[in-house]
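Student: Residue-level listing of the chains:
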Amino acid sequence: MNLEKLSIKEVHEKLIAGEISAVELCKFHLERAEKFNKTHNAFTTITNEFAVKQAEEADKRIKSGKNITILTGIPFSVKDVFSTKGIRTTAGSKALDNYIPVYTATVIQKLFDAGAVMIGKTNCDPFAFGASNENSGYGPVRNPWDRKRVPGGSSGGSAAVVAARVGYYSIGSDTGGSIRQPAAFCGVSGLKVTYGRNSRYGLFAMGSSLDTPGVLAKSMEDTAIVESIMSGNDEKDSTSSQRSTPDYFKELSKKVDFSKIKIGLPKEYFIEGLDKNIEKATIETAEFFRSLGAEIRKVSLPYTKYALAVYYIIVPSEISSNMARYDSLRFGMEKGEGYAERLLESRMEFFEPEVKRRIMLGTYTLSAGYYDAYYKKAMKVRTLVRKDFEKVFSEVDVVLTPVSPTLPFEIGEKADDPLAMYLADVFTVTANIAGIPGVSFPAAHIKDEEGKKHLPVGVQILGPQFSEELILKLAHSYQGKTDWHEKMPELDL
Amino acid sequence: MKKLTQEDIKHTAFLAHIKLSKNDIEKYEKELNSILSYVDILNEIDTSDVKETSQVTDISNRKRKDIDSSSLPQSEALSNTKNKARGYFVTKK
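The listed protein sequences derive, respectively, from chains A and B.
Here the first sequence stands for residues 1 to 493, where the numbers follow our numbering.
Here the second sequence stands for residues 1 to 93, where the numbers follow our numbering.
In isolation and in its complexed conformation, chain A is listed as follows:
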């Protein structure tokens, strides 16, 4: 029956028709998860018993015919930076190897309430600090298209699992590209929402003014289904938006009038260092939209070249402040006696090198005498990046760009050069700095240098704040006429 290839809507129909039970479906995916994890290290925890219990509940709901949603009984996974009550949550760091949260993140609770079945917590860079998954305290996740390569990061486990068709979607987080870039590296679809669209309550704080929970799935349709249930205001997150949330899934069925759509190609994203094949795929995607009737325009976002510097001041600064809470007294791994000694010893022993590096950098940029030169300066340039987008969105509806300047790189390739690793985020950080939404979706496959493995290429559409509906619809139209998103890596699961 190729259960793993079905869309959420198709699986939902099978569940309702009684062709399969939620427990059977759950066990099918748990088995895939175990197998995939052995070769690709994509999970920190596979939640066998918990999942079966949730599936049994889902079967009861389906049988009773009450309280059924489109996600009832559908297996999914969660990046290990979201708190899940009673289930170990490591954030990808050895510092939290023994941590069992006492509450569940709002976005995850909403999915649980809808009857979704969580099969596991996915591996990620520690506290989501990284662009390759290599920083994880639990070892790197491997790219399902080529085990030698990284899956991207920090939501690398989530992207790899979706690419391998283990579960039907995964919840990730995006602070500087952590959903869009791994989605591109693994050939899946991803949505980074407007800041405040999805509640941050229960998501481990990284850069608090940039963090956004979001969905990775096989298609934009599946993404829209999950986002419709996950989004919305939350009293527990005072930065979450009070705007009403459209039913994104329903909106997808309405046709887009492409004669009214203007798409911008910002010249600052087509720079030296951009892989020629990725450039080609992006231009071809623009041509596709032109063929549907959209107008394609060259535009300019002049402050783009400063965005990465803004990001690598603001993020470590906010990280150093957020990470100050980890004193090992109340939770987490501990070493040493007495408060002061335990504080220093535990942080030295259990934080991964990248965690320490970012805390150090942020502590310095916030320290007396340097705040104005770094953090304040970065916040001012942040205003300019924001205004860039405001201006461009008065000329065009959305912009289309590459997601990553390179194809998935090999594990270890950039390990000794933190700055080279940071450059992987160059096309994605702008959306977080401006707080705007973006979708990432596969738009080509390219053979590797040896001409053997196929590697996916992703492009992104960015729109004005709260334009999720429009960007999902545009990417959905693309997927209606192409099949890049249906391609699967060869795996023995």
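Please note: incorrect hints may appear among the correct ones.
[As the list claims (entries may be wrong)] Using 30 Å as the maximum straight-line C-alpha spacing, the simulated DSS-like pairs for lysine-lysine come out as follows:
hint: 1; chain 1: A; residue 1: Lys335; chain 2: B; residue 2: Lys93
hint: 2; chain 1: A; residue 1: Lys298; chain 2: B; residue 2: Lys51
hint: 3; chain 1: A; residue 1: Lys481; chain 2: A; residue 2: Lys14
hint: 4; chain 1: A; residue 1: Lys5; chain 2: A; residue 2: Lys280
hint: 5; chain 1: A; residue 1: Lys94; chain 2: B; residue 2: Lys51
hint: 6; chain 1: A; residue 1: Lys94; chain 2: B; residue 2: Lys92
[To be verified] Partial pick of chain A residues on the chain B-facing surface, computed with a CB cut under 8 Å:
hint: 7; residue: Tyr99
hint: 8; residue: Ile100
hint: 9; residue: Ala205
hint: 10; residue: Ser209
hint: 11; residue: Ser238
hint: 12; residue: Ser241
hint: 13; residue: Ala309
hint: 14; residue: Leu329
hint: 15; residue: Arg330
hint: 16; residue: Tyr339
hint: 17; residue: Tyr364
hint: 18; residue: Lys376
hint: 19; residue: Met379
hint: 20; residue: Arg386
hint: 21; residue: Gly451
hint: 22; residue: Lys453
Hints are computed from structural coordinates only; laboratory data are not their basis.
Glycine residues also receive a C-beta, built at the ideal position from the N, C-alpha and C atoms.
Starting from the structure of chain A, add chain B where the hints point.
Tutor: Chain B only, in chain A's frame:
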């Protein structure tokens, strides 16, 4: 921009509550200087008339209703540590 010295690294580590080995100090001196010289690019821009952006959706003073609601029970708040006694977290100075 001024270059970070090993003394700066030690002082920053002190502020950050991170203990560093001698190797770490040398490593961070090199890495932090490399990152800070990259972000120096921002000084090309005159920002004297630009206001800072600290958050992007312009929400301000959001308050919750002042009503009783349930909070975390003591037993759960203490469930992730062995450093506890009689309902308190315990630590030596």
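Student: So, for every hint listed, does it hold in this structure?
Tutor: Here is how each hint holds up against the structure:
1. The straight-line distance between the Cα atoms of A/Lys335 and B/Lys93 is roughly 15 Å, inside the 30 Å bound, and the hint therefore holds.
2. Proximity of A/Lys298 to B/Lys51 is assessed by CA-CA distance (about 29 Å); at most 30 Å being required, the pair is judged to hold.
3. For the suggested pair A/Lys481 and A/Lys14, the alpha carbons sit about 25 Å apart, so the restraint of at most 30 Å is met.
4. Restraint check for A/Lys5 and A/Lys280: the C-alpha separation of about 29 Å stays at or below 30 Å, so the hint holds.
5. Distance restraint check for A/Lys94 and B/Lys51: the Cα-Cα separation of roughly 40 Å exceeds the 30 Å cut-off, and the hinted pair is therefore not satisfied.
6. Distance hint between A/Lys94 and B/Lys92 is fulfilled; the C-alpha atoms sit about 24 Å from each other, no more than 30 Å.
7. Hint status for A/Tyr99 relative to chain B: holds, with the closest Cβ pair at about 6 Å, below 8 Å.
8. Here the hint on A/Ile100 is kept, as its CB sits about 6 Å from the closest CB of chain B, short of 8 Å.
9. Interface restraint check for A/Ala205: the shortest CB-CB distance to chain B comes to about 14 Å, outside 8 Å, so the restraint is violated.
10. Among the interface hints, the one on A/Ser209 holds; its C-beta lies about 5 Å from the nearest C-beta in chain B, closer than the 8 Å criterion.
11. Of the supplied interface hints, the one on A/Ser238 holds, with its beta-carbon coming within about 4 Å of a beta-carbon of chain B, less than 8 Å.
12. Here the hint on A/Ser241 is kept, as its CB sits about 6 Å from the closest CB of chain B, short of 8 Å.
13. Look at A/Ala309: its Cβ gets to within about 4 Å of chain B, closer than 8 Å, so that hint holds up.
14. The criterion of a C-beta within 8 Å of any C-beta in chain B is met by A/Leu329, whose closest approach is roughly 6 Å, and the hint holds.
15. Interface hint at A/Arg330: satisfied, since its Cβ lies 5 Å from the closest Cβ of chain B, which is below the 8 Å cut-off.
16. Among the interface hints, the one on A/Tyr339 holds; its C-beta lies about 5 Å from the nearest C-beta in chain B, closer than the 8 Å criterion.
17. At about 5 Å, the closest approach between the beta carbon of A/Tyr364 and any beta carbon in chain B falls short of 8 Å, and the interface hint on this residue holds.
18. About 6 Å separates the beta-carbon of A/Lys376 from the nearest beta-carbon of chain B, less than 8 Å, and the hint is met.
19. Given hint, A/Met379 at the interface with chain B, holds; its Cβ is 4 Å from that chain's nearest Cβ, closer than 8 Å.
20. The beta carbon of A/Arg386 is positioned within 8 Å of a beta carbon in chain B (closest approach about 6 Å), and the interface hint is therefore held.
21. Taken as an interface hint, A/Gly451 does not check out: its beta carbon lies about 35 Å from the nearest beta carbon of chain B, beyond 8 Å.
22. A distance limit of 8 Å between C-beta atoms decides the matter here; for A/Lys453 the minimum to chain B is near 32 Å, and the interface restraint is violated.
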